[in-house]
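These protein sequence lines are chains A and R, in that order. Residue numbering for the first sequence follows this note's numbering, starting at 2 and increasing by one per position. Residue numbering for the second sequence follows this note's numbering, starting at 2 and increasing by one per position.
Be aware that a few hints might be false.
[Claimed, not checked] Chain A regions said to be covered by chain R (calculated; three or more residues, Cβ under 8 Å):
id: 1; region: 28-36
id: 2; region: 134-140
id: 3; region: 144-156
id: 4; region: 295-309
id: 5; region: 318-324
Since the hints were derived computationally from the structure, they do not count as laboratory data. All figures in this text were calculated on a predicted structure; none of them were measured in a lab. Yeah, the Cβ is synthetic: ideal placement off N, Cα and C, and Gly gets one too.
2 protein chains.
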Amino acid sequence: MINIAVLGYGTVGSGVVEVIEKNHDSINIRAGQEINIKYVLDLRDFPGDPVEKILVHDYNVILNDPEVKIVVEVMGGINPAYQFTKDALLAGKSVCTSNKELVAKHGAELLEIAKEHNTNFLFEASVGGGIPIIRPINQSLTADKITEIIGILNGTTNYILSKMTDEGEDFDTVLRQAQQKGYAERNPEADVEGHDACRKIAILTSLAYGRQVDYEDIYTEGISKITNADIEYAKETDTVIKLLGMTKVKDDVIYSMVAPFMLDKEHPLMNVNGVFNGIFIHGNVLGDTMFYGRGAGKLPTASAVVADVVDAVKHQGTNIMTIWEKDKITLGDIKDFECRFFVRVKDTNSKTHIEDVFGEVTYINSDKVLGEVAFLTASMKQGDFDKKIRSFDLIQRIRTTL
Amino acid sequence: MINIAVLGYGTVGSGVVEVIEKNHDSINIRAGQEINIKYVLDLRDFPGDPVEKILVHDYNVILNDPEVKIVVEVMGGINPAYQFTKDALLAGKSVCTSNKELVAKHGAELLEIAKEHNTNFLFEASVGGGIPIIRPINQSLTADKITEIIGILNGTTNYILSKMTDEGEDFDTVLRQAQQKGYAERNPEADVEGHDACRKIAILTSLAYGRQVDYEDIYTEGISKITNADIEYAKETDTVIKLLGMTKVKDDVIYSMVAPFMLDKEHPLMNVNGVFNGIFIHGNVLGDTMFYGRGAGKLPTASAVVADVVDAVKHQGTNIMTIWEKDKITLGDIKDFECRFFVRVKDTNSKTHIEDVFGEVTYINSDKVLGEVAFLTASMKQGDFDKKIRSFDLIQRIRTTL
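Between the sequences and the hints, there should be enough to build the whole structure, so can you do that?
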């Protein structure tokens with residue numbers, strides 16, 4: 002029998018307790034021994050709840066109990082999660098977490114401490130919820146040089162964009178519906194402005210290239226400015242608008258960004274709709290691969306956390322090699338990132354002027370949008386686009402994968 | 002430095018040599034040490050080829066060299082691959098293989114020998130080519146009870162069906178084209194009749210449930226009887242015809258089969274086209290997940306083999322726990338497998354008779370097919386369907402996921 006402690010009895014924490022209970026037999030077979038939840042840490046009390054008997058309010062009870070070999074950190078946020086995690090690793094306990102802020106910010110350091118203490122810091126649930134993606138990058142794609150990672154990494158924004166596309170509702174209406182259904186937070190900024198996706202692409206990029214990518218360095222744009230007119234134009238161009246976390250290597254420079262893109266219909270991510278997430282990876286020998294599943298939610302996230310617990314049990318006393326050095330990657334300047342842009346300008350801008358400035362473009366017509374001119378540029382650098390667009394009355398511009 | 006030997010210098014074997022050469026630096030970082038190919042075994046000579054200097058014809062040279070720690074078996078077939086693999090494991094060497102026949106037939110035994118000798122038998126490339134799927138099932142989906150595995154596991158048949166769907170060509174024409182392009186073997190039976198997919202779903206099912214599934218027990222139907230008329234009807238029903246390897250658990254009974262299905266357009270596998278493979282898995286807590294990528298080809302397959310080599314290097318002297326007992330699973334009788342059937346009968350069969358026998362059905366009309374009646378049944382057991390259909394002039398019947 003191996004004893005574990007769960008820090009935080011919120012959505013994910015109660016999911017972890019539920020999954021370990023529900024699939025008790027099969028999990029213990031996979032782990033090779035019985036997993037026993039000895040403590041649950043939470044500031045709150047839960048009278049009548051089965052965890053009442055094992056509930057503690059003081060982390061030191063867990064930290065100082067040598068019987069606890071694995072700590073599940075599912076509190077979220079940096080403080081006190083960071084200190085708790087660090088202390089557990091220093092005490093030789095393994096830590097499994099779903100906390101993307103913690104991993105994005107302190108992943109390299111915590112992995113180093115885990116290695117020094119011959120224990121493990123595991124974080125499969127921090128990106129893509131239940132989708133196996135961290136372990137595949139670390140252990141399965143090791144023969145490849147990864148040249149491209151494109152992820153639909155945030156279920157809330159994907160749900161909003163899917164609803165806008167399918168039902169023609171506007172952003173604000175769909176956001177309100179999403180909040181009512183519990184798919185969006187009351188304060189939706191972290192999702193809607195791309196901060197959540199930014200932390201996740203930072204984690205994936207750090208792992209893919211083995212060195213720290215600071216999420217503050219990743220250019221991030223959200224979806225709050227996407228309108229129904231944009232959606233109509235997307236339909237005309239056989240694309241869908243998706244919020245993508247994107248990392249690409251060009252001429253040995255790593256570019257990373259989060260932004261809404263018009264995604265071409267041939268792309269494997271094209272059909273990742275609703276609250277689902279998908280992560281597309283291109284390897285130089287493997288070619289294209291894609292991982293799809295539920296990117297959030299109590300049980301899918303708990304499934305990934307518990308899979309980490311099983312792995313931690315199997316690797317007691319052995320550090321699972323994970324390459325993520327503290328030494329920081331200097332990302333390429335977003336001004337040098339190349340793509341085709343979709344552009345809407347007021348119809349006071351003549352086509353002659355458009356073609357004078359942008360050369361050959363592809364005009365897009367929509368019966369449903371009037372008083373403007375819309376077109377697709379050739380592939381160009383962001384910096385060049387920004388200069389060229391200055392002489393126009395710009396309504397909107399969206400990057401494309403075309 | 003760690004020495005390895007490659008058995009077989011065919012498509013995959015030369016791919017393995019190429020990948021280790023091409024991504025030398027990044028692979029060695031991931032492995033934690035330099036990987037050196039000390040021998041390549043082949044019956045043939047390759048004058049002028051760089052491997053000429055390390056080519057051997059006698060397996061005993063490799064087996065008896067204590068410096069060789071890892072053997073890559075990419076010869077295919079059962080003999081002599083089985084004996085070579087067994088001898089290597091008994092000698093304490095790890096074996097990495099892409100050989101699905103070997104794994105499906107002897108996986109349980111070879112894993113047991115590997116465990117006894119504290120070494121590893123790895124076979125990521127045996128299913129889904131470059132797609133990480135074996136390691137995710139073993140190590141990532143450990144918190145779940147898997148209730149469903151549906152795979153597009155054979156690129157040749159998927160290419161043929163995709164071409165028939167997109168271009169309206171008939172089976173024989175597309176098969177010939179596929180043979181010319183090297184996507185199909187001269188003797189296409191193993192692919193076209195579903196035997197290849199059968200071995201792959203047998204491997205996935207054995208791993209998912211931890212016990213041996215004999216592929217001979219899996220009901221297998223190929224695609225050679227699929228016609229353009231079927232494709233037309235699929236379009237009318239908003240489905241696509243795919244050859245699926247399918248394992249489902251119902252009332253604690255495991256059913257497994259390979260057969261063409263009409264796949265509904267909401268299914269995540271719907272857009273897995275051409276030579277690509279996709280594997281959909283439903284876990285009882287994770288929900289739906291899907292893995293997509295190149296299911297065959299020299300470099301994608303080699304990518305998976307080399308990833309296994311990296312894992313074998315990292316786990317020298319430690320057996321990676323893989324649960325696949327020899328004790329055989331008794332699969333459910335295919336007669337009890339339930340689904341909706343798509344049926345085509347001659348128009349000498351009246352609709353009254355159809356409804357008398359099948360109850361309420363959904364008729365499907367196609368302008369392009371005359372002289373027959375086509376319909377979808379309600380969900381029913383295969384055994385019941387077989388009885389009911391006896392009194393009809395049956396043209397075709399295809400299972401559906403509807």
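Mind taking a look at whether chain R covers the region 295-309 of chain A? Criterion is 3 or more residues with CB to CB distance under 8 Å. Three-residue rule met by the region 295-309 of chain A, so holds; n is 10.
Count the residues of the region 318-324 of chain A with a beta-carbon closer than 8 Å to any beta-carbon of chain R: does the count reach three? Our answer is that it holds, as 3 residues pass the Cβ test (under 8 Å) against chain R, meeting three.
Chain R covers the region 134-140 of chain A, three or more CB atoms within 8 Å, holds or violated: Holds: 3 residues of the region 134-140 of chain A have a Cβ under 8 Å from chain R.
Tell me whether the statement that chain R covers the region 144-156 of chain A is true, taking a Cβ distance below 8 Å and needing three residues at minimum. holds (count 3)
Under 8 Å between beta-carbons, do enough residues of the region 28-36 of chain A, three at least, approach chain R for the coverage claim to hold? Since three or more residues must qualify, the claim that chain R covers the region 28-36 of chain A holds, with 5 doing so at under 8 Å.
In this structure, every one of the numbered hints holds.
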